[in-house]
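S.K.: Here is what each chain is made of, one letter per residue.
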Amino acid sequence: QQQVRQSPQSLTVWEGETAILNCSYENSAFDYFPWYQQFPGEGPALLIAIRSVSDKKEDGGFTIFFNKREKNLSLHIKDSQPGDSATYFCAASVTGFASALTFGSGTKVIVLP
Amino acid sequence: EAAVTQSPRNKVAVTGGKVTLSCNQTNNHNNMYWYRQDTGHGLRLIHYSYGAGSTEKGDIPDGYKASRPSQENFSLILELATPSQTSVYFCASGELGGQDTQYFGPGTRLLVL
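If you read the protein sequences in the order shown, they are chains V and C.
In terms of the numbering used here, the first sequence has 98 at position 65, counting the first letter as 1, and numbering is strictly consecutive.
In terms of the numbering used here, the second sequence has 372 at position 103, counting the first letter as 1, and numbering is strictly consecutive.
Bear in mind the hints are in silico, worked out from the structure with no lab data behind them.
Wrong hints could be hidden among the right ones.
[To be verified] DSS-like mimics (lysine-lysine), calculated; alpha carbons at most 30 Å apart, straight line:
{"#": "1", "chain 1": "C", "residue 1": "Lys334", "chain 2": "C", "residue 2": "Lys280"}
{"#": "2", "chain 1": "V", "residue 1": "Lys104", "chain 2": "C", "residue 2": "Lys326"}
{"#": "3", "chain 1": "V", "residue 1": "Lys89", "chain 2": "V", "residue 2": "Lys104"}
{"#": "4", "chain 1": "C", "residue 1": "Lys326", "chain 2": "C", "residue 2": "Lys287"}
{"#": "5", "chain 1": "V", "residue 1": "Lys101", "chain 2": "V", "residue 2": "Lys90"}
{"#": "6", "chain 1": "V", "residue 1": "Lys141", "chain 2": "C", "residue 2": "Lys280"}
[Unchecked claim] Distance ranges between label pairs, derived from CB positions:
{"#": "7", "chain 1": "V", "residue 1": "Glu91", "chain 2": "C", "residue 2": "Thr351", "range": "42 to 50 Å"}
{"#": "8", "chain 1": "V", "residue 1": "Leu79", "chain 2": "C", "residue 2": "Ser339", "range": "22 to 30 Å"}
{"#": "9", "chain 1": "V", "residue 1": "Thr45", "chain 2": "C", "residue 2": "Thr284", "range": "32 to 40 Å"}
{"#": "10", "chain 1": "C", "residue 1": "Ser353", "chain 2": "V", "residue 2": "Lys104", "range": "26 to 34 Å"}
[Said to hold, decoys possible] Quick look at which bits of chain V chain C covers, simulated, 3 or more residues with Cβ under 8 Å:
{"#": "11", "segment": "71–81"}
{"#": "12", "segment": "104–117"}
These numbers come from a predicted model, not from an experiment.
The beta carbon of each residue, even a glycine, is placed where N, CA and C say it ideally should be.
Could you put the whole structure together from the sequences, leaning on the hints where they help?
M.R.: Put into structure tokens, the structure is as follows:
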């Protein structure tokens, strides 16, 4: 059973457009949701994260919108640039020393110039 | 900046052979993780560790062992490699369970023939 689901699997946008990536989860106990960005041939790197006490988090051109009741969240990439072309992973965890991240399957974003 | 290195970067193994993947971190983080990445599955947690001498099973531990001989080093061992273990393996380190940034290595591409 996949606890964290992402859609779409891939997304192509033009430079300057807003890319919207979706994520939903099963476990109501999840309270921390980071998004990781991965370029080809590299390991993932933390992009932005939100805790369940918040409904929005912004960092530069990246914004997370979080809906606790619906158990979903989205990542908006505003004014997309070709350099934003990468695979984005939504992840989730439960507060506690023993917790580890559960990752979604990723969304591949291509930004065309 | 956080530094996680992995060796080898590429490995070809034969079915039934023993494979050891190594990871080193210079961040002095307590927690270390091993993931595998396959198309359509994102990153799946194999084993993790809270510190030297400890190893814990993740979501998909079958067919894998782990060893944490020191704070800096964390190894993943495939005693009897199978073609289904062909994948890209990532090591990561982090400070506070799933609630803090995980720093990933560059990955090891393993092909089991």
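S.K.: Evaluate each hint against the coordinates.
M.R.: These are the hints, each one checked on the structure:
For a cut-off of 30 Å, the pair hint linking lysine 334 of chain C to lysine 280 of chain C stands: about 18 Å separates their Cα positions. Restraint check for lysine 104 of chain V and lysine 326 of chain C: the C-alpha separation of about 27 Å stays at or below 30 Å, so the hint holds. Only pairs whose Cα atoms come within 30 Å are accepted, and lysine 89 of chain V paired with lysine 104 of chain V is accepted, the gap being roughly 14 Å. Of the pairs offered as hints, the one joining lysine 326 of chain C and lysine 287 of chain C holds, with about 20 Å between alpha carbons and a cut-off of 30 Å not exceeded.
Among the hinted pairs, lysine 101 of chain V with lysine 90 of chain V is consistent with the structure: their alpha-carbon atoms are about 14 Å apart, no more than 30 Å. With a CA separation close to 26 Å, the supplied pair lysine 141 of chain V and lysine 280 of chain C stays within the 30 Å bound. Our hint of 42 to 50 Å for glutamate 91 of chain V and threonine 351 of chain C holds, since their Cβ atoms are close to 45 Å apart. Separated by about 25 Å at the C-beta atoms, leucine 79 of chain V and serine 339 of chain C satisfy the suggested range of 22 to 30 Å.
One distance hint, 32 to 40 Å for the beta-carbon pair threonine 45 of chain V and threonine 284 of chain C, holds here, with the actual separation near 39 Å. The hint said 26 to 34 Å for the Cβ distance between serine 353 of chain C and lysine 104 of chain V, and at roughly 32 Å that hint holds. Only when three residues or more bring their CB closer than 8 Å to a CB of chain C does the claim for the segment 71–81 of chain V stand; here the count is 6, and the claim holds. Requiring three or more residues with a Cβ within less than 8 Å of a Cβ of chain C, the coverage given for the segment 104–117 of chain V is violated, as only 0 such residues are present.
Violated hint: 12 only; the structure is consistent with all others.
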